[in-house]
Amino acid sequence: MFLSNSTLGEVVRTQVKFKMNAYLGTLVSLVFVQLLGLVFSMNGTSSMSTNINNTDIQVVVVSTDTVFIFVAIWALFIGNVITTKGYRNSNLSFVTNSFSNNLSNIIVLIMMSVFAGVTTFLSNNILRTVLPLFNNVDYVKSVSIIDDPLGSIINMGLLICLILMISAGGYLWGTLVYMHKAYMFLLIVLIIATPTTKTGQMILQFIFVDNGSLLFLIVKLIGVSIVLFVLAIVCSNRLEVRR
Amino acid sequence: MTVIDCQNLKKRYKRMNALEDITFQLEDQKITGLIGRNGAGKTTLLKVLAGFIRESSGDVKVFSNNPYNNLRVSANSILVDDQMSFPDSLTLADILETAPDFYKRWDAELATNLFRYFRLNPKQLHARLSKGNKATFNMIFGLSTRCELTMFDEPTNGMDEAVRSDFYRALLKDYIAHPRTILISSHHLAEMEHLLEDILLIHKGKVVFHQSLEEVKEYAVALQGPTNLVEKMTAGKEILHTKQLDSQRKYVVIRREDLPLIEGVMIYPVSASDVCMYVTDDRKGGIDDVFK
Numbered sequence: 061m062f063l064s065n066s067t068l069g070e071v072v073r074t075q076v077k078f079k080m081n082a083y084l085g086t087l088v089s090l091v092f093v094q095l096l097g098l099v100f101s102m103n104g105t106s107s108m109s110t111n112i113n114n115t116d117i118q119v120v121v122v123s124t125d126t127v128f129i130f131v132a133i134w135a136l137f138i139g140n141v142i143t144t145k146g147y148r149n150s151n152l153s154f155v156t157n158s159f160s161n162n163l164s165n166i167i168v169l170i171m172m173s174v175f176a177g178v179t180t181f182l183s184n185n186i187l188r189t190v191l192p193l194f195n196n197v198d199y200v201k202s203v204s205i206i207d208d209p210l211g212s213i214i215n216m217g218l219l220i221c222l223i224l225m226i227s228a229g230g231y232l233w234g235t236l237v238y239m240h241k242a243y244m245f246l247l248i249v250l251i252i253a254t255p256t257t258k259t260g261q262m263i264l265q266f267i268f269v270d271n272g273s274l275l276f277l278i279v280k281l282i283g284v285s286i287v288l289f290v291l292a293i294v295c296s297n298r299l300e301v302r303r
Numbered sequence: 025m026t027v028i029d030c031q032n033l034k035k036r037y038k039r040m041n042a043l044e045d046i047t048f049q050l051e052d053q054k055i056t057g058l059i060g061r062n063g064a065g066k067t068t069l070l071k072v073l074a075g076f077i078r079e080s081s082g083d084v085k086v087f088s089n090n091p092y093n094n095l096r097v098s099a100n101s102i103l104v105d106d107q108m109s110f111p112d113s114l115t116l117a118d119i120l121e122t123a124p125d126f127y128k129r130w131d132a133e134l135a136t137n138l139f140r141y142f143r144l145n146p147k148q149l150h151a152r153l154s155k156g157n158k159a160t161f162n163m164i165f166g167l168s169t170r171c172e173l174t175m176f177d178e179p180t181n182g183m184d185e186a187v188r189s190d191f192y193r194a195l196l197k198d199y200i201a202h203p204r205t206i207l208i209s210s211h212h213l214a215e216m217e218h219l220l221e222d223i224l225l226i227h228k229g230k231v232v233f234h235q236s237l238e239e240v241k242e243y244a245v246a247l248q249g250p251t252n253l254v255e256k257m258t259a260g261k262e263i264l265h266t267k268q269l270d271s272q273r274k275y276v277v278i279r280r281e282d283l284p285l286i287e288g289v290m291i292y293p294v295s296a297s298d299v300c301m302y303v304t305d306d307r308k309g310g311i312d313d314v315f316k
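For the record, the sequence lines run as chains A and B.
All residue numbers for the first sequence refer to the working numbering, where the first residue is 61 and numbers rise by one.
All residue numbers for the second sequence refer to the working numbering, where the first residue is 25 and numbers rise by one.
Hints are not guaranteed to be accurate.
Unchecked claim - Result set (PhoX-like, lysine-lysine): computed pairs, CA atoms no more than 20 Å apart in a straight line: (1) Lys54(B) with Lys261(B); (2) Lys38(B) with Lys241(A); (3) Lys85(B) with Lys230(B); (4) Lys38(B) with Lys241(B); (5) Lys77(A) with Lys128(B); (6) Lys34(B) with Lys230(B).
These are computed hints drawn from the structure, not numbers from a lab.
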């Protein structure tokens with residue numbers, strides 16, 4: 061009898077390759093969501109007008125915040141959807157165990173977050189190029205990578221980590237709901253309770269507000285992502301499939 | 025070498041006990057038929073062996089490991105059933121291309137040849153296949169993995185007559201070329217009897233017997249003849265099945281033993297399929313009695 065021995069690393073690598081191939085559609089949806097966000101961003105998020113010596117000056121702040129909000133919703137959805145029954149069962153049709161399945165899912169989510177973060181950051185440039193074509197704009201001022209490389213990289217890293225944390229939240233959510241439908245209500249309660257209760261506000265403040273630098277925030281976001289992922293791994297270890 | 029070793033295996037679901045007490049061992053390089061009636065626990069047993077679900081109590085070992093969440097068992101075993109699913113974004117051809125990454129002994133030639141023979145469309149999506157074609161594709165996938173433990177759960181469900189007989193033939197040929205442990209569950213024992221070496225009969229979550237096909241065929245005999253004579257001969261014996269043929273003649277199946285020859289009473293062998301059916305029948309009377 062010949063038994064093939066696959067190591068965890070090998071299996072995870074094959075799984076990641078397979079999943080990136082199989083989930084290509086999600087990246088298409090990401091681009092679609094980003095384009096939608098860009099369309100909504102065109103009008104600007106705030107504007108201000110002044111009049112100096114009979115010259116009207118209108119300053120319109122245009123940002124890719126809308127794009128980010130759309131991408132954040134996308135990340136939550138993607139993290140959630142890859143834990144659903146169909147995805148889970150089709151992953152289990154190939155060699156895997158719960159841990160390698162989780163690990164490869166997490167790696168796929170990290171890769172997707174990097175892609176989403178970088179493209180969302182760069183979508184700023186599309187906006188800059190397209191705005192003068194459609195609006196009566198004379199001058200677009202914006203910080204580009206060349207002006208401030210370090211700051212841009214930190215911003216990009218921040219975006220990536222935020223998206224990763226949101227997808228990690230979606231992943232844990234999906235895992236819990238897969239275990240028992242009742243977790244759905246618990247999570248809704250949690251989402252409402254966090255910004256409205258004192259403890260919830262304290263947690264939010266600890267993560268997002270009390271930061272000396274952006275780098276520190278990045279570290280915190282990565283920490284939260286790790287906690288969420290580990291919780292998901294622990295919860296799904298006892299999960300049965302194809303019932 | 026022992027491939028599967030189950031000791032007092034139990035599986036409880038919320039409202040029922042699917043497996044009550046399963047104890048058996050499976051040696052390597054044998055084709056075993058897992059036979060049982062609807063709801064006997066065949067599927068549950070296979071899912072436990074494949075590591076999809078966890079046993080409630082007892083001990084289960086596949087390749088000397090507990091199969092649940094075990095990478096080694098997953099790499100060396102496959103369960104082919106109608107719940108197999110593949111991502112919607114991959115075509116059948118893509119799936120066959122991905123498989124060798126996972127299964128080191130994947131037989132690409134066999135896969136392509138079978139795929140062509142059964143005229144499946146390589147651009148089709150797995151979820152869009154008809155029931156019969158899906159079963160055929162799953163079977164091709166299962167055979168091509170060449171896993172040391174290959175399990176089929178009702179593989180012929182949905183296949184037409186021609187594909188069924190082709191499937192049995194393909195399975196046998198591939199098994200002879202590459203012997204491995206194959207476990208097939210089915211309730212059509214008669215149609216795949218020629219493949220099997222051993223039979224594992226389970227009923228209500230318990231093992232009834234685990235014997236070679238020859239032994240099962242020798243398990244029982246049928247007596248047919250005038251009612252009074254047959255009743256006299258079978259008095260005090262364990263009766264497996266009985267049927268009143270008409271007002272005078274009776275048909276009774278009992279465990280095989282040396283019986284005196286009596287004029288007018290015919291002794292017939294009982295097929296393995298009938299043995300399995302009679303042994304697991306805990307009803308008194310047949311379907312005819314419902315309509316009396």
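Here's how the hints hold up against the structure:
no., hint, in the structure
1, Lys54(B) with Lys261(B), "violated (34 Å)"
2, Lys38(B) with Lys241(A), "holds (16 Å)"
3, Lys85(B) with Lys230(B), "holds (18 Å)"
4, Lys38(B) with Lys241(B), "violated (38 Å)"
5, Lys77(A) with Lys128(B), "holds (16 Å)"
6, Lys34(B) with Lys230(B), "holds (9 Å)"
When held up to the earlier numbered hints, the structure conflicts with 1 and 4 and fits the remainder.
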